[in-house]
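Colleague: Next come the chains, spelled out residue by residue.
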Amino acid sequence: MRTRPTLSILTAALALCALIGASSPAALAIDAVDPAADAKAFRDFFVKKFPQVKFEDFVNGPYSMNEDMRKQWKDKEQFPPYEFALEAGKEMFSKPFKNGKHYADCFENGGIGVRQTYPTFDEKEGQVITLELALNRCREVNGEQPYSYVKDEMAQLTAYMAFTSRGKPFDIKIPNDPRALEAYENGKRYFYTRRGQLNFSCASCHVQNPGERIRAEVLAPAFGILNAMPIYRSEWSGMGTTSRRFTTCNSQIRGVPLEPQSLEYRDLEYYLSYVSNGLPISGPGARP
Amino acid sequence: MSVVMKNFTFAVIMLAGSVGPSLAASEADFKAAFAAADAAEKEGGRLRNQWTTTEAALSTAKKAAETGNFDQALRSAQEAEALAKASIVQATSEQQRWKDMEIH
Amino acid sequence: MASTIRVRAILNGDITDVQTLIQHPMDTGLVKDAKGEIIPARYIQQLSFEHNGKAVFLADWGTAVSKDPYVKFAFKGAAKGDELKVSWVDNLGATDSLTAKIQ
Amino acid sequence: MTGSLATRRLILKGVGAVALIGLGQVSFEASFGLMPALAAANDKYPDDAFKQKNAADAIKALYGRDHEASDKVKLDAPEIAENGGVVPIAVTTSLPDVTSISFVVSENPFALAASYHIPDGTVPAVANRLKMAKTCNVIALVESGGKLYSATKEVKVTVGGCGG
Chain H
1096 MRTRPTLSIL TAALALCALI GASSPAALAI DAVDPAADAK AFRDFFVKKF
1146 PQVKFEDFVN GPYSMNEDMR KQWKDKEQFP PYEFALEAGK EMFSKPFKNG
1196 KHYADCFENG GIGVRQTYPT FDEKEGQVIT LELALNRCRE VNGEQPYSYV
1246 KDEMAQLTAY MAFTSRGKPF DIKIPNDPRA LEAYENGKRY FYTRRGQLNF
1296 SCASCHVQNP GERIRAEVLA PAFGILNAMP IYRSEWSGMG TTSRRFTTCN
1346 SQIRGVPLEP QSLEYRDLEY YLSYVSNGLP ISGPGARP
Chain U
344 MSVVMKNFTF AVIMLAGSVG PSLAASEADF KAAFAAADAA EKEGGRLRNQ
394 WTTTEAALST AKKAAETGNF DQALRSAQEA EALAKASIVQ ATSEQQRWKD
444 MEIH
Chain R
22 MASTIRVRAI LNGDITDVQT LIQHPMDTGL VKDAKGEIIP ARYIQQLSFE
72 HNGKAVFLAD WGTAVSKDPY VKFAFKGAAK GDELKVSWVD NLGATDSLTA
122 KIQ
Chain D
4 MTGSLATRRL ILKGVGAVAL IGLGQVSFEA SFGLMPALAA ANDKYPDDAF
54 KQKNAADAIK ALYGRDHEAS DKVKLDAPEI AENGGVVPIA VTTSLPDVTS
104 ISFVVSENPF ALAASYHIPD GTVPAVANRL KMAKTCNVIA LVESGGKLYS
154 ATKEVKVTVG GCGG
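Chains as they are written, first to last, in my numbering: chain H, 1096 to 1383; chain U, 344 to 447; chain R, 22 to 124; chain D, 4 to 167.
What the hints contain is simulated information worked out from the structure, not anything from laboratory work.
Keep in mind the model is a prediction, meaning the values are calculated, not measured.
Heads up, a few of these hints could be off.
[As the list claims (entries may be wrong)] Each pair of labels, with its calculated beta carbon distance range:
1) D:GLU82 / U:ALA367: 51 to 61 Å
2) H:GLU1220 / U:GLN438: 18 to 28 Å
3) H:LYS1196 / D:ASN57: 42 to 52 Å
4) R:ILE59 / D:VAL162: 18 to 28 Å
Backbone N, C-alpha and C define an ideal beta-carbon position, used for all residues, glycine too.
Next up, chain H with everything else stripped away, as it sits in the complex (with noise of 0.2 Å):
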C-alpha cells in the first residue's frame, strides 16, 4: 500500500528528475495540420541534434545514445533473451483457431511481413487500427478469446510479425480524411501534453532529453522510438507490447495509466510511428 506522499518526497522526486535540463526548442504555433512538414521537421530535430548517429540507428534506442550500453546489448543480442517469444509467437501464428481459421486470413500477405504498415487509419470505422488491435480483433471474429494487450501472447505474436518485417521501413499513410487528420493531430497533442504529478510529456524525456540518464537508464529519442516493439525488457524480465510501454510510462511520471488500446494510446503510436516513416523496423528488440 503506498504510504502517504508527504511534501519531502514529492520534492525528492522533482529534484530527483530535475537533473532533466528542460530547453524547450523555439516553438511557432502553426494551427494548419501537416503531418508531412511535421515529419520533416521531426526528423531534421534529430538529426541535427545527433549528427554522429547513424540515420538507422535512431531505431536502437538508448543504445545509439551511449557506447558503454551499445556494448552490453551487442553481448546480448548474441543469444537474445526475445528468443523463447519469438519462437512460441512463430508457433501460435501458425496454429489454427478452433474454427480452422488462421491468423494468416486476417491479415494481407498472410500476415508476413506487414508490420511496417500498422497502424493503420479504418476510414470505415473512421479510427487507428493498431496491430495489437488487429489481432485481438482477428481471435474475435474467429471466435476466440482476446489476449491481454501487454504481454505473453499478445508480445508473442507480435514478436514475430515485427520479426517477419524486419529491415523494412516504417510505411504509415494519412489518408486524405479529415478523422485521420485529427487522430494524427490527438496524437501529437497527447506525446507533447504534460502530464501526472511529475508534470512531465513524452516529449520532456524523448525529445528534449534523449542520451541523459534517469538513474541507470539513458534516455531514447522519440525518432524511432517503437521500431523496435514489442521489447523484451531486462526491467520486467520479460516481453512488453506497445501498450505496456505507454502505461508503465505513464505511471512513472504519477499519472494513472488508461486503459491499453484506448483512443490516445492508439492516436500516439499513429503519430509517433508516422514521423518514424522510412526508419527500419527492428523488432522484437531487448531493452534495458
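Got chain H sorted already, so can you dock chains U, R and D onto it with the hints?
Modeller: The following block gives chains U, R and D in isolation, referenced to the frame of chain H:
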C-alpha cells in the same frame, strides 16, 4: 525561470495552500472532505488526466477512516483534493501550452 | 514440450564456439510476488556439456545467474556434425537435456 | 587429439584423489593445499561455497586459498550495468593449465555467483549474464596450475526510470 523550476513551484503551491490546521476531525469533516476530493478526482478522470498520488491519498484516507483515525483520514482527503485539483489545472492549462514544446 | 535449451555450436578452425540459452526462471527464493508471498527458490545448479562422452564444460550455478540463463565457452577437438550433449539439473531436481549437432 | 597426454593427466588426478580419500577423513580446515584444488576439479556441486555470504568465505570454501591479482586475467564487465538483473560479464585469460573459472559478486546476498570447470582442451574463457544486487566489485577467479589468480572491477548498479 526554467521549465523545471516552474514545475517545482507549481506543485509546491498547489500542495502547501491546502493543508490548514484543524482540531480533532470528526467523521462528518472527513466525509465532506472525501466527497470533495472524490468529485475532483472524477473531474480529473473526465479530462483523462488523473495522478497516481491522488489515488493513493484517497485510499489512505478511506483506510484511515475505516480504522477510525479521522485526523489522518481528513488530512489525506484534503491532500487528495489538492492533488486532484492540481491535475485538473494541469489538464486545462496544457490544452494550449503543449504547443510550446512542439518541434517545428 | 519443446526443450528449454537452445544451443548454437559452431566450428571454426579446430575451436567450437558454444552458446547456450536456457528457459528457466532462476528464482532466488529471496523475492516476493505481487501478493507478498516468497517465491520459492528454483534455480539451475549444474549445467554440463559432453562431447563424445567426454565432459567439455561443467557449470555450477548459484542464485545470482540471470533468468533465462546464457553461457558461452569454446573447446577444441570436435568435428563438424559431432554431437554435443547438454543437460541441466536444478535445486528441486528437475532436469532437461538436448543433443545438438556441431555446425 | 592429445589423447595420451590428456588421459595421463586425468589418471594422475584420479590416482591423487583416491590416495587422499584413502588417507581417511580429511577435514576442510586442515586440508592440504592440494585437496581443495581437487574439490574444484571434481563434479560435486560446491553447496557450501554457494552458501557463504561474503566473498572471502566463498573463495576459501571453494578454493581454500587466497588469490593474487594478475593482469593475465581479463575481466570484461560494464561500467554501469544497464540492469541489475542481467549484467553481461565475461573473462578470458592467457594463463596456462586452467582448471576452473569462477565469478564472485562481492555484495550479493551470496557472493559466489557461478563456478565453471575447465577440462583439458577447453578454452579458458567464459561469458555469462549475472544478477547484481547493488554497485559492488565483481571478481573473476582463474585457477591455473593449482594457483589462484583474479581480476576485480567495480560495476555500478541502480534502478532505472523516474521512480513512479
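Colleague: Does each hint hold? Answer for all of them.
Modeller: Outcome of the hint check:
Taking 51 to 61 Å as the suggested C-beta distance range, the pair GLU82 (chain D) and ALA367 (chain U) conforms, at roughly 55 Å. With their beta carbons about 26 Å apart, GLU1220 (chain H) and GLN438 (chain U) fall inside the hinted range of 18 to 28 Å. The hinted range of 42 to 52 Å is not satisfied by LYS1196 (chain H) and ASN57 (chain D), whose Cβ atoms lie roughly 60 Å apart. Distance hint for ILE59 (chain R) and VAL162 (chain D): a CB-CB separation of about 21 Å, consistent with the stated range 18 to 28 Å.
Taken one by one, the earlier hints fail for this structure only at number 3.
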